[in-house]
Each structure stands twice: as structure tokens, then as C-alpha cells.
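Visitor: These are the residues of each chain, in order.
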Amino acid sequence: MRDPSTVRARLVALFLLGAVLFGYPLLAVFNLPGTVFGVPVLYAYLFAAWAALVALVAMVVRGD
Amino acid sequence: MLQPWAIALVSLAYLGALFGIAYWADKRADAGRSVIANPLVYALSLSVYATSWTFYGSVGRAASDGVGFLPIYIGPMLAAILFWVVLRKIVRISKANRITSIADFVGSRYGKSGLLAGLVTVIAVVGIVPYISLQLKAVSASFGLLTRYPDVATPAHATVPILADNAFWVAIVLAAFAILFGARHLDAAERHEGLVAAIAFESLVKLAAFLAVGVFVTFGVFGGFGDLFGHAAASARIAPLLTPFGKVSYADWTWLVALSMLAVVFLPRQFQVAVVENVDEDHLRQASWMFPTYLLAINLFVLPIAVAGLIRFSAGGVDADTFVLALPMAEGHQWLALFVFIGGLSAATGMVIVETVALSTMVSNDLVMPLLLRYGALGVSRRADLSSFLLAIRRGAIVAVLLLGYGYFRFAGEAYALVAIGLISFAAVAQFAPVILGGLYWKGGTRAGALAGLAAGFAVWLYTLLLPSLARSGWIAPSFVEQGPWGVAWLKPYALFGLAGLDTITHSLLLSLLANAGAYVLVSVLGRPGPVEQAQAVAFVDAMRRDAGPIRVWRGETTVEELRVLLGRFLGRARADDALAEYARGRGVSPDALAAEPGLVEHAERSLAGAIGSASARVMVASVVREEALGLEQVMDILDETSQVIAYSRELEDKKRALEAATAELRAANERLRELDRMKDDFVSTVSHELRTPLTSIRAFAEILADNPDTPADKRQKFIGVILKETERLTRLINQILDLAKIESGRAEWHTEALDLGELVREAEGATDALFREKSVRLSTEVAAGLPKVDADRDRLMQVMLNLLSNSVKFCEPETGLVRVRVACEPGRVRVDVVDNGVGVAPEHHERIFEKFRQVGDTLTDRPQGTGLGLPISRQIVRHLGGELWVESEAGRGATFSFTLPTTGSGRREA
Amino acid sequence: MSKRVLIADDEANIVASLEFLMEQAGFEVRVATNGREALEVAQSFVPDLVLLDVMMPEKNGYEVCQSLRQNAALAQVKIVMLSAKGRDIEVAKGLELGADAYVTKPFSTRDLVAKVREMLGA
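Residue numbers (the numbering used here), protein chains in the order written: chain E, 1 to 64; chain U, 1001 to 1911; chain B, 2001 to 2122.
Everything labelled a hint here was simulated from the structure, so no lab data went into it.
Just so you know, nobody snuck in bad clues.
Label-pair distances were calculated between CB atoms; the ranges are: (1) Arg1674(U) / Leu2120(B): 37 to 47 Å; (2) Trp1024(U) / Leu17(E): 37 to 47 Å; (3) Val1589(U) / Leu17(E): 46 to 56 Å.
Covered stretches of chain B (in silico footprint by chain U; criterion: 3 or more residues with CB under 8 Å from a CB of chain U, positions within the stretch not fixed): (4) 2019-2029; (5) 2107-2119.
All C-beta atoms in this analysis are idealised placements derived from N, C-alpha and C, irrespective of residue type, glycine included.
Pulled out of the complex, with its shape left as it was, chain E reads as follows (with noise of 0.2 Å):
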């Protein structure tokens, strides 16, 4: 296991990021009309920070 104090500090980044990208100003901005593949632009983004968000996660965690 990694350092458990880098790790501690990743998760809280990610937190933060995890924050920002579901927050306003974000959001505001692909508020928009139109699709990407068929899919909402908000919809889709929505999902693609999730899964970017998760896999991050996923990454810091292992550590091992």
C-alpha cells in the first residue's frame, strides 16, 4: 500500500475535482443543446466525468 498520507491526499484532490466537475460553472457550460454520438451533450458529459472520476479512484486506491 502506498504511503497512506499520499494516498489520503489524492482522495481529497479528487474530492475537490469531483466538486468542481459537478458543480456549477461546469455545468453551465455543457448546458447545451445538440449531441455528441446521439447522446445530450449534458448527459454524456455528465457520465464521462463520472467514469473518469471513478476510474481515478479506483486507480489511487490500488496503490499496490
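With chain E's structure known, arrange chains U and B on it following the hints.
Guide: Then chains U and B, alone, in the frame of chain E:
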């Protein structure tokens, strides 16, 4: 095909299967081969967060607000990132303190307060009732819809008598299963392995069902996402849903995210599966990403299904909350519809069972038991076997909660969409956040503060959310909401103090948390925590830093037997023995050899806490240990003991320091010995030098004479003279050295007699007369009359006088030199002064001249004759006789050598 | 040209005996009775060899030896230390400081004269 009885049968069969899984898991656990010690199972059990709200309600919300249904899943996703940091601390504390519920946690943190735990229980029960009713509503609505197949229309609301109400029977059935799953027997650690296994399974079922219908709708009914959303965009009614912000405010979004972050931990069922049922802290690591992945998967098709439903049922008539079921039905897929129904049922039952088990634990441990114990009703404290009584309370609580849920559903549930009801519950459990998070990270939080905060927050929540919800359904006059009570506008529940324009949930949340946190901090800061509170505060906040368990604040006496009986009353005989054996194992002794020590009492208290809550456990153990509440006196006693221990340790410190000082002294003594050794070496070296110097001259001249027989006579005379003189010098030296050695080592012979010093002095002067005349130095003598006698060795004392006199002559100038000898009487002794007016001795040399072989005279051109041993020997002699010899002098101003001797019979002599 | 010998010792009798011996051996002799005087005379007299006592006032024999060796003009001078102190460390110290020989008192006159002769190549 989809007859009511068929559906009911399938449902019961499913529930039976779930129970079967639970039973099997329990059996495996008893055999020691647990199936749930697995991070995947743990993460799936956390997914009990997704209830029929997720299953049905999300779609309903999406149909009106687009992605506005999502915040309550984003919150948990973000919270999951911090599982490893925050939740882990909670889990660790709970394991160490055998905490069995969220009420227990709060109560334990704030000084094992029963009152606080009770308040938390009340808030939890009242807060969750709406949530349970929402599950009942979902099941009964979906059941109602399904039975109408192939018609797809939401049945109009009709008031049905209770016994004919589907929801009622659902409640009864769920109560039965909840009891089966969670209240079959009492477990000291409140762990329900079977329950967890069943929940994990049902999480899979509901995910599968939802994905199934999602895939069906998106790819079966439509041609994929593109097609589906293309249709949506084309419709003016639906298009706005795709970019919802404008309708949904960002503020609301943010608040909901924050709210759900709290709910995912503080909902009683979440606390139960995440903390109480946790098997291994390490599972939290994997859960941090597995759980969000689950949430992602189950939410993926919500918007597509909502949009599809809106398109398909554009004529209305179908409640959006039921799209998930209605769509497969409308397409004629009855098996899929049935599967979906089971999925929804699964979601609802999971929630209800875990929630009611958690609530019943709290009610029995933190509400009923303390009240009964306090008021001694039913002779509770005297009953021998309480375990079955406790169990009965648990089961009763489960039934009661479900009936309350049904009651709320009946009286208020119809007016709201599912999501709205659920949010009311979220806002209730959010009240736990300040006291719990504060309790984890702030040692200053006090019991009084927690009580104030919880009470304030709960009150505001009641007023701004719960009561108005009843008004909406007609049970309280609508004017209460619209105009405020008694027409007072700024007391309007949805716009308290004029705070209008906010979503009802946001409004309530804002005010209640403000009141909560504000009261918590204020009251905590203004008050002082009690001793147990402080101990618990440290134990909790520092939990990750310490390895130690809870602090021992026990003092009392009891016997192992008494503890065994006590445990037996609540846990049953078998489990009581198990608990004691566990402790014995931990200490490495046999259970029979157990002594009633504080550790055992702690262990007993903890085991009991599992069954009746930590507050009650404390009270029970206290009564057995012959002590009431831990009052200030007892704490003082304990502190006394502690301070005694501190005093002992301080003594130890002192001893240690003394030891160190002694060691230092020894070291110094060793150093001194080494010094002395070196000095001895130096002395030997110096002595040999002094002896060899005259020898050198003797030998050299002897050899010269021998080798040069024809040396002129005058030279020969001179050389022989030198030989003789040096021989004398050598002899003198050897004698003095031996003398000094004898005196110093105490082997000299002393012949003491009573002497008249005056007489001795005159004799010495006589002996040195020649010396004085030779150098033309005058000598004068003053001897006082009536001198007492002194005890001394005549010869030695003579030696001293001769030494002093010859010295004084040596250092005087010829012609002008004057030496005065004074003999006087002082109290108890006789004093002799030899005063000369010679070159004197500089103060820095005063002690040096008494050192062996030291001769003052570097500044002189004439090397003084002498051995350098005269004065040291004189001093040794005088000292040996009980007196002291010293000098007073300044350079150029003459010198006074003085010595004293004790008179006969007065002073003591050196041995 | 006869070789020059400086005798430095604070014991008059020893000085007398050494002086006799050296003059008898045909060397030119100067005398010093303390360390400071020894250095001064060495500067002016520039001896070929110094008979140097260790225990002297003002500067002891070790110091004189060191100073002589540090003086370029006198670096070639032969130094024979004389001392009643004959412990190993003292001998070693003398040799370390640059003495060419260390003789303990009492010495054999014959041996000493022979050694001086040898060192001066006379």
C-alpha cells in the same frame, strides 16, 4: 397471466429465495466460512442506498427535470471518494467501542449519553417514516399497475379501507420478513451476515432488472441512443429536458449533492451496512470505486427511459414514476414487466428490511431499555433472563415502524411524488451531520451542544418539512402553509423569516442545518464537558492515531460470577460464556482463572453494548460493579490513583537522576584517581629526575678524574668538592623523600610529648645562628608569656622551625634582612609567625610553594639551593599534629609564614 | 676550524663537567643556563652541535629544539638532548621534535664524547 395472485406468489417466492440466501449465509458464518468477507459483497450491500426511489422515482423526476434526478447519486459518488478517510475513522471507532447503531455512536461520543442516543433514535424514526412510506407506495403502485395489464394506466387514487389496501399487506409482509432477517436472535455485535448477503444479492437483482429494461427501451423500442434522443429533441415538450439548467437551479443542484453526501452515511440503513456490518476496514478501499460504479450503472438508463416514456405516453395518463414498468407492459413484454416488478420489489424490500432492523435496534437499545431501566417498570432490573424480552421489544419495534410508515403513506403519501417524500427523510438524517462530523474532528463538542444542535435542527425540520407535508394532504389546514400559522406571514413553513424563493428542501436544509450547527457550536463552546465526555472526545478524535481502545474509567469491585450473570441476563447463558471465554483467550488464561479486573469489566460492558446499547450497558455494569454513575468523586479517586502513579513515576525519575548523579560522581572519582595516578607517575618521574641530577654531576666528575690523571691540582680539588657536595645533596634529597613518603603514608613514627613552643623556637634559632650571621640577617624573637603547652613530636617540630628559619634567611637581602619570630597564644591553640622582609611570594604562588619540588624562583637569576621539599614536609608535619601552616605575603613586601598547633587536651590530632 | 658546541643546562655542576669534556675534546664551547639564553646564543654562535638539557627554566629543552629546527639558519645543527627523565614518551617526544639523539642522565662521559665526535665527524 399477470393475475394478482400470480404476482403475489412470485413475489413471495422471491422473498423466500432471499431469505434462503440469508439463512445459508448465516450458517456459513457460524461455521466460520463467511461469504461476506469480500469487498465486492460489501460494495453491493452499500448499494441498498438505491431503493424504489431509484428504481421508479428517478425516472419520474427525470421526466420533469431532466438530469435533475442525478444529484442524489453524485453526492454518494463524491462521498465514496472520501470513504477511506472519513468512513474508515467511523468504522474504526465503532469497532473499538462495539457501536451498534448511529444513535449509539452519537451517544457514545458525547459521554455515553443515553439522552442523546434517545433523541437521535426519535429523529431517526420520525425522519425515516416518510421514506418507508415511499417504498410502500412504490410497491403498491407498481403492483396495482401490473395487475391492470394489458391496460396501462395509473389507477386513480381512491380511498380504500385499510384491510383492502395493498400497501397495508405489503407492510405486514415486509415486517414479517424483517423480523426473520434481523430479529431472530440477539447477537452481541449486532452483526447479521445473512442479511448482508441477501442485500448484496438483491442489489444485483435490481441492477439487472433496471439494465434489462433500459437496454430494452433504448435498443429494443428505439434504435439506440441517437434515435431515442433524436425523437426527444424533435418534441418541443421534451427537448428542454435535455438542457435542464434553467428550470433546475444550480443552487438546488448543489444542495442536493451535499445532502445526499451526508445521507449515504447517516441514513440508519447505510450506517448499518457501512459501519456496523463492516467486516474488514480494508473493504472501504475497494468500495470507494465499486460503489460509484454501481450507481453509474443503475443511473445510466434513467434519462432514456424517462424520455421514452414521455414520448410513448404523450397522451398522459401514466404516472412518470411508473414508466419503468409501464414501458415493457405497453410493448407487450409481460415477462420483462414481471422481472421489472421483482426488481422494484427487491429495491423496496432491501431498504425496508435493513432500515427497520437498524431502527428497531436503536429503539430497543436507546429508547425503550433505558426508559424501562430507569423507571423499573415491569420489574425489569430484577428479571433473570431478559434476552427474550429484548427480542420481543425489537420485533415490536419493527412492526411499529412499518405501521407508522403505512400510516404516513395513507395520510400524506398520495400527494407527493416519490422523490419529494424521500428528500424529506434525507433532510431529517442530515441533522446528524454536525454532531457526528463535529464529534469526529473537534474535541470541543460537548453533550449539551449536541443535544442543543440536534433539538434545534430537528425542530426546524419538523416545522419546515414534515408538518407542511401533512398540510398538503389535508390533515392540517392548508392555510398553515399558505399564510403561516395564525396568519403570521414570516412563520410560513416554506418561507420562514421571509426566506422565500427557495426550493422547499433547500429552504429547510439551510435553516435547519444553520440552527443545528449554530446551536451545537455555541452551546459546546459556552459549556464545559464532563470527564467522561472529554475522555470519549479524545478517544474518538484521535482514533486513527491511537491503537488503544476506550479509556478505562472504571473503578469498582465485582466478581466474575456477577459479570457472568449480568451478561447472561441479556445475551443468554451461552453467549455470556462465549464473551467471557473470548476475553480469557485474549489474556492467555483459562476461563476459570479469570479475575474481575478492569479489563474484564470493559469487555463485559462492550459485549453488553452490542445487545442493549452502550449507554444502557454502562448503567447495568455500573450497578453490578457497585457504583452508580461515575460521579465527580469517583473520577477524582481515579485521578488520585493516577496522580499517585504519576508521583511514583516522578520518584522513579528522581531516583534515576540520583543514579545519574552518582554515576557522574563515580566517573569524577575515577577521573581523580586517574589524575592521582598520573600525578604519581609524574611524581615518580620528577623524583627520579631530582635524584639523577646530582648523580649526573657525581658520575661525570668522577669519570673525568679517572680519565684525566694529570689534571691540575686546583681543578682536581674543585671537582672532588663538587662530587662531595652533590653526594650530600643526593643524600639529603633521598632522606627527605623517604621522610615525606613515610609521613604521607602514615608509616612515620611520631613521638609526641607536651612541649613548650617558646623553648623550641629558641632552640631552633640557636641552631640556625650560623646561617643568619653568615648572611648578616638580623633575627628578633617575641615569645608571649604563659604559653600553654602543645602536644607534638619534638624532632619533627624542630624540623619545621629549621625549615622556616632557613627559608626566611634564604629570601632576605643581606645586611638589610630582618626576620622576626613571634610566638603567641590564641583560643585553643598556639601560633608561631616567622616574618621576613625579603622578596616575598606573589599571591598566585602561595599554594604552589607547598607543592612538592616546586621552587619559586624563576624570576631569580640565582637558582635557589634546596630540594623543594622543605615546605611540603613542614606542612604535612604541622597538619599531622592538628594544626595548619600557611603563608601571607606579597611580591616585594616580605613574607609571613605562620603555623598553629592545638594546645594540649583541646584540639584533635590527625590519626 | 674547530667545531662549535653549545651547552645548555641549568645545573652549574653539570655545565662545568660538560664544558671541561668538550674543551678537552677540542671543541669551541659556549654555555647557556636557560632556554631563552640558549636560543640567543645559538643565533649568534651558530654551533655545529647543541647539548640540550630538557628541564630548564624560561624555555624547556623541547621548545628550544623546536625553535632551532624551525630556524632555517640552524636547521643543520645537531641536537643532543640530555635529561634525567628517561621515560619512553619523553624520549619519543624529543626525537619527534627533531633531536638527533637523546641521552639520559647520568651519562657515561666516554660514551657522550664519542657520540659527539661521531656526530661532528671529527
